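**Student:** Here is how the chains run, residue by residue.
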Amino acid sequence: MKLKQRNRDTINGLLFALPWIIGFLCFSVYPLGASLYYSFTEFNPITKPVWVGLENFRMSFSDPLVWKSLSNTLFMAFVSTPINLFAALMLAMVAVRKFKGRGIARAIFFLPSVIPMIAATMVWIWMFDPTYGFLNNFLSIFGIRGPSWLMDPRYTKGALLLIGTWCVGASMLVCMAALAEVPVSYYESAQIDGASGIQKFFYITLPSIAHVLAYQAILSFINAFQYFQQVYVIISANQGSATGTASGGPSNSILMYPLYIFHNAFVYLKMGKASAMAWILFIIVSLLAVLMSKLARKASENAGVE
Amino acid sequence: MKNFLILLCAALVALTACSGGQTASSTTPPVAKASEAVAAPEAAPEAAPEVAAAPTVVEFWYNNKGDEALVYEEAIAQYNSSQGKYKVEGLSVTDQQKLIVALASNEAPDAVKGSNQNIVTYQANGLIDTLQGYIDAEGFDVGVFSDAAMAANTIGGQAYALPFSGYSIQLYYNKDILAEIGYDAPPETMEEMYEMAVAATVLDGDGNIERLGYPLFPLASARQELIYGFGGRWWDIDGKTLTPENPGTLESLKLNVKYREQYGIEKVQAFIATANTNRYTEQDMFFAGKQLFRLDGPWLPTMMQKFNSSTNYGISLVPGTASSPESRGASRYETDCICIPITAANKDGAWDFIKWFTSKDGAKTLNLGVGSLPAVKALYDDPDINAIPGFSDFIEILKLEKGIQYPQITDFAKYISLVEEHLDYIYNGTMTPEEGLSALAKQSSTLK
Amino acid sequence: MGVIKGRKAVASLMFYVLVICLCAIFLSPFLVMLTTSLKTNSDAFTIPVKLLPRKLVLDNYPAALRTIPYFKYLMNTVQITLFSVLGQLLVTPMVAYSLSKIKWKGASVISGLLMATMMIPYTVTMIPLYRTYSQLHLTNTYIPLILPAFFGKAYYILIVRQFFHGLPNSILEAARIDGANEFQRYSRIALPLCKPALTTVAIFAFLDAWSDYLAPLIYISKPNRLTLSLGLQQFMNEYSVKWAELMAAAVLFVTPVIVFFLIFQRNFVQGVAVTGLKA
Chain A
6 MKLKQRNRDT
16 INGLLFALPW
26 IIGFLCFSVY
36 PLGASLYYSF
46 TEFNPITKPV
56 WVGLENFRMS
66 FSDPLVWKSL
76 SNTLFMAFVS
86 TPINLFAALM
96 LAMVAVRKFK
106 GRGIARAIFF
116 LPSVIPMIAA
126 TMVWIWMFDP
136 TYGFLNNFLS
146 IFGIRGPSWL
156 MDPRYTKGAL
166 LLIGTWCVGA
176 SMLVCMAALA
186 EVPVSYYESA
196 QIDGASGIQK
206 FFYITLPSIA
216 HVLAYQAILS
226 FINAFQYFQQ
236 VYVIISANQG
246 SATGTASGGP
256 SNSILMYPLY
266 IFHNAFVYLK
276 MGKASAMAWI
286 LFIIVSLLAV
296 LMSKLARKAS
306 ENAGVE
Chain B
3 MKNFLILLCA
13 ALVALTACSG
23 GQTASSTTPP
33 VAKASEAVAA
43 PEAAPEAAPE
53 VAAAPTVVEF
63 WYNNKGDEAL
73 VYEEAIAQYN
83 SSQGKYKVEG
93 LSVTDQQKLI
103 VALASNEAPD
113 AVKGSNQNIV
123 TYQANGLIDT
133 LQGYIDAEGF
143 DVGVFSDAAM
153 AANTIGGQAY
163 ALPFSGYSIQ
173 LYYNKDILAE
183 IGYDAPPETM
193 EEMYEMAVAA
203 TVLDGDGNIE
213 RLGYPLFPLA
223 SARQELIYGF
233 GGRWWDIDGK
243 TLTPENPGTL
253 ESLKLNVKYR
263 EQYGIEKVQA
273 FIATANTNRY
283 TEQDMFFAGK
293 QLFRLDGPWL
303 PTMMQKFNSS
313 TNYGISLVPG
323 TASSPESRGA
333 SRYETDCICI
343 PITAANKDGA
353 WDFIKWFTSK
363 DGAKTLNLGV
373 GSLPAVKALY
383 DDPDINAIPG
393 FSDFIEILKL
403 EKGIQYPQIT
413 DFAKYISLVE
423 EHLDYIYNGT
433 MTPEEGLSAL
443 AKQSSTLK
Chain C
2 MGVIKGRKAV
12 ASLMFYVLVI
22 CLCAIFLSPF
32 LVMLTTSLKT
42 NSDAFTIPVK
52 LLPRKLVLDN
62 YPAALRTIPY
72 FKYLMNTVQI
82 TLFSVLGQLL
92 VTPMVAYSLS
102 KIKWKGASVI
112 SGLLMATMMI
122 PYTVTMIPLY
132 RTYSQLHLTN
142 TYIPLILPAF
152 FGKAYYILIV
162 RQFFHGLPNS
172 ILEAARIDGA
182 NEFQRYSRIA
192 LPLCKPALTT
202 VAIFAFLDAW
212 SDYLAPLIYI
222 SKPNRLTLSL
232 GLQQFMNEYS
242 VKWAELMAAA
252 VLFVTPVIVF
262 FLIFQRNFVQ
272 GVAVTGLKA
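Chains as they are written, first to last, in the working numbering: chain A, 6 to 311; chain B, 3 to 450; chain C, 2 to 280.
So that you can see chain A by itself, here it is in the shape it has in the complex (with noise of 0.2 Å):
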């Protein structure tokens, strides 16, 4: 009879989660295998994929842009990931206090990372015209001379720093909600013992967050190595339609991982080529997912010690 209940059990199960099975089949195993396949082919869309062996990693590694776009993604990956971190962990301690019309507050500092980000980028990139944009105004006003953001080779990643770090609510959320489990009686204690803010951000809030701001840095990890969207917009509005397809920005300082698989699949029609990358990405992706996940792990150990 039990074990009749447990096999009946499975089946449910598994009827439930059918539709997702099947998913994960079709859009998740199906491709990953498929474009491991076609990485050791050459064809375009409407050509049968001929094998070429190694041909195509070959030809990704001696590609100099491939190399520019694995570095700037590493970029952005490695500066915009403390960045946001930190910004979204002030604003939370913002946030989370009690005052007059912090709802509104809160609401206006989670806003930005709800609206579409095309239309983001489209008003950050009207902000950033060296002239008639609002920033560079901004700055004049205290006798500072803004650069062209989006011209000049060494403020284009600036500039996509500044939009990252204007999205940044749900993080900020999710430390919020992290810093309001911290048990006030740790507070207390501190009060006590004469600790200075300071003192208490270091010994009690971070190490009791540490987990929540370390699984939050493996998403901002992620998220860095999907950046298209942004870039893409800017590219195609620094070029206008007059000069064809898009490149990297100025000097390729943008051109993200992400939209240089893009240009060769989409617009070079290397697919082949394309799939290579895209794999190199997943196992570059996979490989920091668990690394920091250990680390991450090993992190809020050391926090359940202390």
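No lab work stands behind these hints: they were computed from the structure. Small disclaimer: the values here were computed from a predicted structure and weren't measured. Backbone N, C-alpha and C define an ideal beta-carbon position, used for all residues, glycine too. Do not rely on the hints blindly, as some may be mistaken.
[Claimed, not checked] Just the calculated beta-carbon pair ranges, DEER-fashion:
{"hint": "1", "chain 1": "B", "residue 1": "SER361", "chain 2": "A", "residue 2": "SER67", "range": "45 to 55 Å"}
{"hint": "2", "chain 1": "B", "residue 1": "GLY266", "chain 2": "A", "residue 2": "ASN228", "range": "30 to 40 Å"}
{"hint": "3", "chain 1": "A", "residue 1": "SER67", "chain 2": "B", "residue 2": "GLU212", "range": "43 to 53 Å"}
{"hint": "4", "chain 1": "A", "residue 1": "THR52", "chain 2": "B", "residue 2": "GLN160", "range": "52 to 62 Å"}
{"hint": "5", "chain 1": "C", "residue 1": "SER109", "chain 2": "A", "residue 2": "LEU41", "range": "20 to 30 Å"}
Keeping the supplied structure of chain A fixed, place chains B and C upon it in accordance with the hints.
**Tutor:** Frame of chain A, contents of chains B and C only:
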């Protein structure tokens, strides 16, 4: 929740109902396209019985929009009423990337407008069909087109598209500024141009550039004509070898950098960035009298007229250099042309349409309506076309046949991307011209 | 005593100044978008640049609706969005139920795989999927954009699973004793109870579909089938960008989202916080 779901379903049903026809046609595989092509059954059910008499549909994509799209539709209407065998349906698709994807699918249109630069890419990827078969079979005379226009669309001896208009880039100059600095004629050499440029550059109190002398904007022209005038080339005349370390290119870049350093790299950069934002608007730098020289195309005078620009301009050849005066007038030459995708369903119809569209009558409608230079030689002396501001100057220049053809290499788009990257390094002072070009040579050595 | 009180007042004043500055910074792009949309194009390009329009005009709005077939694109976007939301709402609770309320071995395996799928970048699966849809003649239809929604998305499943974890098993157990089968227990008890979580899923699914960019970019090329986000991009394809008009179009595109957000703010906050903390 249930209520919400019911509401949602109701909305979906309503939506599907009101856009029913379209959803249905969008979900039916394009097998239906063939039947559409035979009789266009949805559009005219009464005409369906007499299949033989009904015109077959030719789907034609062009990348113009707004007023220009209307001109294309006008031309299409003229063609449709001129014969009864084919019915052309035009569609404006402005995104180049979308076009490539469509060409590489089994939903390709029957005829596509492109530029000869696109034709090279399409051909290299096997996306378009050669027209040579039709040309040979019918004894079609390609001599009606200018040599450069036809050569631009011929790859390996096979014509892949026929041209109906073209453009080159030449030197616009502001006559008033030139007079102000004491010259009465435009420069014939780059050295002269540089001299004038320096004399005409105006700074404000903070050292910001108010008036740009040297034609560093548009960047596309700085990458091409400003270099061609020095005899510089990014690729060899054979159209196959890349020449990133050409001495003329280096010479041009040295002067370019000299100007930037003289007025401050940042200041020049800022001017260009702003010029890029308001390009071809009322506030365009040249229209507003803030640029002495401008290397730009034949569309500029018409735009200036539209925006009531008071700039007193002249048109001249791109300067050569003192040592190589024959470089004068060298410019890219790009044609607008039509080709047939390899997967097109109605190639015969497309060919018939192409012949008309690139004929004297068809091309004239386009040239006049859009304001583009003719590729059909018979239109060079057409009074209507010569009445468009600036066109008589440009046609005289076209007759010199100094257009520089695009190379026919597969990795062209990537090469240009690398060129632009290294030009940026040179422009912002990260690399000297020599360093930049040798780095470019190294990186582009693997391109095919 | 008075000094401490005074110091406290100063501190709280400083805090308010900080909050107001932050709010101003975060709001400024919205403000720029709105005010630019009310300027004439030449006003937007006049130095000195002013935040507020010199002359208030509404012309950009009708102009923006003419530059792109706005209502056509709106209908397309709404269509895709509604079907996506429907799909997610049908499937998400089922899968989540299986993972948290049915005792079977697969549950933990699937939960692990769910997390893993969240790590797969879209660009990795993009090419084979494109090829398949293309061979099935499904490009230029909305099927590639809608179909995945009917198979569940990891992020949403996690939200609902988390919610189910919070439901006491005793309720379901009581129903079992009354002779209800698994599906009845799901549809009559669990589903009605998880309404708040489903609202959250619906909101996220709405936003995702509404803002989606890369998938439409790849699959839709026919002009009359484009979505709003691609339509917005079309302003950039002009030889010169009319910023005032573009900003007007952006306002029209963003407004529904903002309204939506303001109505459902609570669900948003919970949804984000739950997945961020517990996943």
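**Student:** Checked against the structure, which of the hints given earlier come out wrong?
**Tutor:** 4
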